[in-house]
Amino acid sequence: MRLAVTNLSGERGGELIFSDLSFEVGAGSAVLVTGPNGVGKSTLLRIIGGLLPSSDGAIEFSGGGEAWPNAGAAAHYLGATNAMKPALTVEENLSFWRSFLGEHLCTVDEALEQVGLLDIAHLPFGYLSTGQRRRVAIARLVMCYRPLWLLDEPTSGLDKRSEAKFTELMRQHLAGGGLIVAATHLPLGLENSQELQMVANR
Amino acid sequence: MTDTAKKSSGIMAFANPTRFISLSDALLPWLVGSALLLLAVGFYMAFAAPEDYQQGITVRIMYIHVPFAWLSMFCYTLMSLSALGTLIWKHPLADVSLKSAAPIGATFTALALITGSIWGKPMWGTWWVWDARLTSVFVLFLMYLGIIALTRALDDQGRSARAAAILTLVGFINIPIIKFSVDWWNTLHQPASVLRLDGPTIHPSMLWPLLICAIGFTLLFSSLHIMAMRTEIWRRRVSTMRRLSARRAEGAAQ
Amino acid sequence: MFSLYMRDLKLAGRAGSGALTGALFFLAVVAVIPFGVGPDLNLLARIGPAILWIGALLASLLGLDRMFQADAEDGSLDLLLTADSRHMLALTVFTKCLAHWTTSVLPLVVISPLLGLFMNVPPIGLLAVTLTLLVGTPAITFIGAVGSALTVALPRGGLLVSVLILPLVVPVLVFGVAAARGAMADPDPFLPPFLILAALTIFFSVLGPFAASMALRNAD
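Residue numbers (my numbering), protein chains in the order written: chain G, 1 to 202; chain U, 1001 to 1254; chain E, 2001 to 2220.
To be clear, the hints were calculated from the coordinates, so they are not data collected in a lab. This structure is a prediction, so every number in the text was calculated from the model and none was measured. For glycine and all other residues, C-beta sits at the position ideal for the given N, C-alpha and C.
Take a look, some chain G residues computed to stay more than 12 Å from chain E by CB distance:
no.: 1; residue: Asn7
no.: 2; residue: Gly35
no.: 3; residue: Leu118
Quick list of simulated restraints, FRET-style, between CB atoms:
no.: 4; chain 1: E; residue 1: Leu2166; chain 2: U; residue 2: Gly1125; range: 34 to 44 Å
no.: 5; chain 1: U; residue 1: Thr1077; chain 2: G; residue 2: Lys160; range: 54 to 64 Å
no.: 6; chain 1: E; residue 1: Pro2123; chain 2: U; residue 2: Ser1205; range: 36 to 46 Å
no.: 7; chain 1: E; residue 1: Leu2091; chain 2: G; residue 2: Glu60; range: 19 to 29 Å
no.: 8; chain 1: E; residue 1: Arg2014; chain 2: G; residue 2: Ser156; range: 20 to 30 Å
no.: 9; chain 1: U; residue 1: Ala1040; chain 2: G; residue 2: Ser129; range: 51 to 61 Å
no.: 10; chain 1: E; residue 1: Arg2156; chain 2: G; residue 2: Ser55; range: 26 to 36 Å
no.: 11; chain 1: E; residue 1: Arg2014; chain 2: U; residue 2: Ile1177; range: 28 to 38 Å
Can you make the complete structure from the sequences, with help from the hints?
In structure tokens:
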């Protein structure tokens, strides 16, 4: 599987914020998108995920066969928000996404075990701290299979220990032939990764 | 240091409710027992009492209808006092009292409306007339529902307590105005079909069972209210402990 | 899809969802009408079905703005959108409409006969109003989904949704009230307006979700 982005331009509020962006990611490797705030990292991820239209250029996802026809279908999108309901328990939230997203890799309990939150599965999501909420969202990534992970500041709110744990999960995903595109300002500690430095568009 | 300070202040906040729970433990059996006893006696006397020569058997509804109507107002007064307790003395139990009284008050008001309309059906020929007294009670019922909705709308207990207290007090001040305006509205276009409820003055043979039923229902209301308050206190403790356990889990992982 | 339906039902059941506020609003609106027109039972019985329909219509517009906004705020909407190839978006919207109708509008239908009693509507009229509401209100929700999707990015979209939707639901109101009145007054027919009402609901159950999913895709 391969994600190829060629001559991509993106805009926000009618203003072009980046243009002529090209990169490729193959199976088992990652791209870390870095750059100052407001340079369009999140916009880039949303365009790849099909949540925003691109103003120019092409996004090609090949080798996915019928199961993964385009980048949006093949992607797990982890945005700035966690996509969980505060009123429901952790377990209820994850069960819903598990049956909605399909392609199960493991059960809800096993996914929570991997992020170390099995003890508090019965608590409402709204009771959790920022870091715990992020880890629940990460549990969603490992619970259902998607070849491409689009991560927007995935480690925000995580402490050192959870960060290391998350790096471990990303390594596993890459070792299984997955792809990662992550917008971050911290080194994620991945070996086979390239860095894509975005600069402000003048 | 800060941790222990926080902990002890948390215990202080619960000291009062804890005493309330142990007190209610002792009180509740007596309350429930006397309520049931009085109601049994009251109902027996009500059925032994003579039937009204005009209304026949339907007059017996009065023995539950009047206590329900009385409690609908009693409960609102109690809630207004609780609201004062919340706003002025910031008593932790006042908020619990208001929140747990509202659904019980709404139930009694609804029962008053329902028994009233069953009572009225043979006399008016219809389930509902926009009679001044009925209408006022109906507006009171709407106010109860509004307060219930408000106490359950906010997750933050402190904020929802103050909001509900303010609404309750505004409603309490407004009640005489509502009553006055409804009376005025009703006399403005009084439909001829409505029979007046004030019959002959009440006979002692009916007054006594009515009085006993009223006291019995008031005791029943008090028992229900105390039980609801206990439930609410326990519910808050469970919620606090669940929040605490989320924080504990984090501490254990470190 | 079923899990989405169940999730929205569960959410409505939790504290602070405000799902029953609509029913309360319905009650309050119907209750103040007599204060305006006077307590004449004959008059109330005549206008009762229309009042119930207007009250139910206004009450069912209340929660519409939150249908997609809540999901947009916590990011769930992004995932629902990217799952398009797995679950067609229009179907997702349809499911959310059904869940919204079950939690916010069905209670209105259930209490409408009770409110009809306050209006002195005769039993056959109560039955007719309840039946027409049951069949007609889903159309309001399906059209409402379009307005809700259009205003999903606006912070204060609540009133705007109502303003956008009200003119579009006029046909539903016309045929709903016509059918309810047809059941009560003899010369007027019941079945033709009732069948048109059912047809409107079926038509909008297709058009609404498709238009709403287009609006959601172009939301930001």
